[in-house]
Structures are given as C-alpha cells and as structure tokens.
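*Asks:* Sequence:
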Amino acid sequence: MLPWLALQHTRGIGPVRAIRLHTKLGAQWYNSVQLAASGLSEEQLEQLQTPHLSILEPLLEWQGKAPNRHILSWDDPAYPEQLRAVSGAPLLLFVEGELSALPLPQIAVVGSRHPSYVGRENTKNLVPALAAAGAVITSGLAIGIDGLSHQATLDVGGTTLAVLGSGLDRCYPKRHLRLAAELASQGGALLSECYPWEGPLAHHFPRRNRIISGLSLGVLIVEAAERSGSLITARYAMEQGREVFAIPGARQNPQASGCNRLIQQGAKLVSDANDVLEELVAFSVAAIKVRPTATEELLPYPELLDNVGIETTAVDLIASRCQQPVQEVLTRLVELELAGWVEAVPGGYVRARRG
188 MLPWLALQHT RGIGPVRAIR LHTKLGAQWY NSVQLAASGL SEEQLEQLQT
238 PHLSILEPLL EWQGKAPNRH ILSWDDPAYP EQLRAVSGAP LLLFVEGELS
288 ALPLPQIAVV GSRHPSYVGR ENTKNLVPAL AAAGAVITSG LAIGIDGLSH
338 QATLDVGGTT LAVLGSGLDR CYPKRHLRLA AELASQGGAL LSECYPWEGP
388 LAHHFPRRNR IISGLSLGVL IVEAAERSGS LITARYAMEQ GREVFAIPGA
438 RQNPQASGCN RLIQQGAKLV SDANDVLEEL VAFSVAAIKV RPTATEELLP
488 YPELLDNVGI ETTAVDLIAS RCQQPVQEVL TRLVELELAG WVEAVPGGYV
538 RARRG
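Counting in the working numbering, the final residue of the sequence shown is number 542, and the numbers go up one at a time with none missing.
The hints are simulated quantities; they were obtained by calculation from the structure and are not laboratory data. Mixed in with the good hints, there may be bad ones.
[Said to hold, decoys possible] Straight-line Cα separation of at most 27 Å, DSS-like style, residue types lysine-lysine; simulated pairs: (1) LYS361 x LYS252; (2) LYS455 x LYS311; (3) LYS361 x LYS311.
[Claimed, not checked] Restraint-style ranges between C-beta atoms, simulated for each label pair: (4) LEU456 x PRO264: 35 to 41 Å; (5) ALA437 x GLY386: 34 to 40 Å; (6) THR237 x LYS311: 49 to 55 Å; (7) VAL220 x ALA368: 45 to 51 Å.
Here the structure is a predicted model, which is why all the values come from computation and not from measurement. We put the CB at the ideal spot given by N, CA and C, even for glycine.
Sequences are here, hints too, so could you generate the full structure?
*Replies:* This is how it looks when you write it as structure tokens:
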C-alpha cells in the first residue's frame, strides 16, 4: 500500500499518470530502474520515496478494528474491474462490507435530494424490479432518491452498495447511519476513496459520482433538476461509456427538467424496469421480464379515479371534473383512501401505488 500512498501525496501526479506509470513499468514500478527516466522531477522522485508512515499506521489501525474492512489499491485483485477500467479511477478504495458484492453487475440509481411524490413512487416501483432481476443497486447514500433506492433494495432482500463523499468513519448524512450499517450487514458494502477520518467536503461529491457511474453498467436518473449533482453522475457515465437512463416528468415539475433534458440529449426514456434491463447484456431479459399483476380489480368510483392522477390534484378540481358536489367527492375519496386506491397529500390527492 505504501507505494500507492506515496503516489497520492506526490504533487503533479494524479490517478491517470499514476496508473500510466504502473502500466509502463510493471507491478514493481516503484523499484524500477526506469523510474528516474519516466519524466518525473527530482522533487517528485523524492516524494515517491517518502514512506508516509503517519498515514499508513492509522489506516492499518482502522482496517484492523473490524473483519469486514478492506483497503484496496488499484492493482489489488479484489479491486472491481468495472471501476479499474475507468480513466482516473481511485488509487485506493476503502470498503466496509462484502467484497464479493463489488464485481457483481450493478445499476446506479440516483436523483434529487428533495424528490416529489412522483419521484418517490417511481423509485419504490422500479428499484425492487431491478433488484429482483439480479442487479446490485449502487447509489450515494444521500437523502432523497439515493436513500430510497438503498432502502427499496433492502426491502426486497437485494444487494446495494453506497459510495460516500466522506470517510467511512464519518458517515454522511448522519441520519443514514442505520441504513449504512444495514446495507453493509446484508451483503452490500460502503465504499469511499476518502481516508476514513475525512469529513464530507464539497469537492468530494463530484469525485464520488464518478465512482458511482464507474462501478455500474448503467445509470438511472429518477428525478433531477436542471442544475443537479445527479447530472454530474450522468455526464461521468457518458464519458465512461455507460448507459444513461432517465424517467421523464411533467414540464411543470422543476425536479423533472434535468431528466427531460437528458432524454433530449440521448438518454433512454424509462417507463418500467424492462426499459433498463433490455439495454444491459448482463441481464437475460427473456428470462426475467417484469410483468404486471395477473388479475385486475374492479375499479370503485371509476369516474372519480379517472380524475386523480399521479400529480397532486385538488379536491375542488376533482369535483369540477366529475361534476359532482365537493362533499360527496370528499366522502368517496376517504373511502378510496381507506381501500388503498388514493393517498392524501398536501394540496389534495394522488393515485396510490397498489400491489
């Protein structure tokens, strides 16, 4: 690990140049006689020979505190191949959880930190289907779509990976400490390129996003505004040759504008899980088609339900569309809510997800 630590702390040598050195000079590049002739300055050569024991010792101490903690250098056999192939992949990757989950086929699911009702419902509908098809769901543990994706995967017994924008000892956000522990203990893992003791700094998160896309076969953007960190993940995915998927939304919804823009730029429009699975050769769509429920129930008050959509609809507007008294509509909406057909939300009602 020491040679990789030395590379991380040598000025003017980033991940791309470091990996180029490894590729050109071989696994023992740090002992190669050709190192001096590789275009490095005397200062850089001197920095490469610095042992950095002050960092190594706390890292080894962190690793030794739990059996499921791992420090993977770029040339470690356990380092995920999908990520290793990415230009500028992290030289060191810190992992807490199951290493066996890292090489499995992954689909990244990311989106707004403040999703709408529709965004939340789309996540709860699509993620379990992707997990059921055998995909590991990878996301960033953030509040909003990220956290919902991790939880929806765990709820169906799936495997999920979380890439942090902080060190693994400084889990961010703190409200997801329990979620982080749960996913690591249920066959998944937490990952970061930050040292375990580093806090969540602004510049960590764009770098985290390139790892999320780098680990994955494709990236699904559930809901994102025009200026969103999720679009950074999408851009990295495009640069890395990954598939990009986006769920469209109403133009009146500012949280959907980023997804709509991505679709205009060539991202695949997604309406169900098969739209994602059929583009990824790692999944046999012929064998794992996601099907609707076999039977359909008789709709109660169909003329009323027809006027309640997935966007919030005010009671007055529903009554106007149905041409029925407001009090009668309200009574029927309460019945429909108790039966699970609609859900009361601020400002009115929405259609509920059933089954």
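*Asks:* So which of those numbered hints doesn't the model satisfy?
*Replies:* none
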